[in-house]
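S.K.: Those protein sequences? They're chains A and B, same order as listed.
Under the numbering used here, the first sequence has 241 at position 234, and the numbering climbs by one with no breaks.
Under the numbering used here, the second sequence has 47 at position 37, and the numbering climbs by one with no breaks.
Any given hint could turn out to be false.
Claimed, not checked - Cross-link-like lysine-lysine pairs, in silico, DSSO-like; alpha carbons within 30 Å at most: (1) A/Lys153 with B/Lys66; (2) B/Lys123 with A/Lys61; (3) A/Lys61 with B/Lys124; (4) A/Lys153 with B/Lys117; (5) B/Lys128 with B/Lys117.
What the hints assert, rightly or not - Every beta carbon over 10 Å from chain B, so not counted as near; a handful from chain A, in silico: (6) Asp9; (7) Lys33; (8) Pro36; (9) Val41; (10) Ala137; (11) Gly155; (12) Phe174; (13) Phe245; (14) Leu247; (15) Val249; (16) Val253; (17) Pro263.
These aren't lab readings, by the way, just hints derived from the structure by calculation.
Don't be surprised by glycine CBs; every beta carbon is placed ideally from N, CA and C.
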Amino acid sequence: MDILKNWRIHCIAFIIVIVCEWIGAKKIPLGPGVLLFLPMLYAMVIGGILSVPKLKVVKTAEMNLASAILGITTLMLVTKLGTVIGPLVVKVAQSGLALSLQELGHFLGTVILGLPIAIALGLGREAIGATFSIDREPNIAIISEKYGLSSPEGRGVMSIYICGTLFGAVWLGLLAGYLAALGIFHPYALAMGAGVGSGSMMAAASGAIKSVFPDKANEILMYAGASNLLTTIIGIYFSLFVSLPVTEKLYTLLKPILGRKNDSKEADA
Amino acid sequence: MNFRDMFIALVLIGIMTTTGNVIGYNMPAGEAAIGYAIMLIITLLGVGLTHVIPIKLPMVFWVSIVALLVTSPISPIATTITFYTSKVDFLALCTPILAYAGLAIGKDLEAFKKMSWKIIVVALAVYTGTFLCATAIAQIMLHFEGLI
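Extracted from the complex, chain A is given alone in its bound form (with noise of 0.2 Å):
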């Protein structure tokens, strides 16, 4: 793959880049709270609109050199927050038994909220690899090793993940910062709450927690990039040797008590 042969899709980004940045973040009040929009946002739906195949602005090629990219650029993410990090490593590690136990939070908070709303929904095994996780590439590898990625829980996880891909960023952004401009939650416990464990849904997260608290800025980064750091590293194995076994004993436990009559074999992932 030449990077640099298909250059058109630079110079989409490199201009979507400068519009965004020039309209700069805006504020609109909603109920008690604020809805922000941040530059990061308009530019993916910017991006997003502009790479609709019936358009045919971007082609397939171009979509995968996109995607290749993004996993190697938030590596820069990882970077820019550890540097934040760095200087301040000791006060990460004062803060050492909240940042561990919140991590329970981000591993079983799928299946608390996710899996009873899927089986109310109707969703038969499916609703488990929906839930398990918050279902990013890691993840999948682990349906895939224990189910196959043609069995339901298999269609489970690739839905997440692709709605993940298409709206997790954007609705993670809205939500912290609505959450952030209410008030309920110190900007801290915020900022681990957005280490959710996917470069661009944390990157969101933070941002607009940070863009809500700009005094507090470093701080924010520092717990969220922590808070990331846990979550990607240790999610592997907890997902894998804890949340899955979990939601399987949830799903066979709650599904006569809240699934639909007749409707076992509905397969609508």
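Given the coordinates of chain A, assemble chain B onto it according to the supplied hints.
M.R.: Chain B only, in chain A's frame:
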């Protein structure tokens, strides 16, 4: 992706980041460019370590370790490095990355169109759940430890 392509990709993102950094966040272009170059070296070192060290850990881990070590209090060059890297705004770095994320969406749209609305609701619940549960536990623990 080979090392050469990786390097080119990171340089391209660097040009976009430093440009956006000037337009959106009024950061000095020269210092931010140096900051980005330092971050690029850290990233490539981390990627290199992933290939050299036989213990199998994700790239994210080694890149973080390098970034942490060179900026932690034990590093003699920490202040110089953070002086420059702090000139690269986190949000300016996010914009080009999410632009590429957007440009890659088209290839998943066909599969997405075939999905039922139910799975979209489940997806929103999954992302909300992980974020909210972790935030709630963090809030309780930080309060309990007297850190907030």
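S.K.: What are the numbers of the hints that this structure violates, sorted from low to high?
M.R.: 6, 10 and 12
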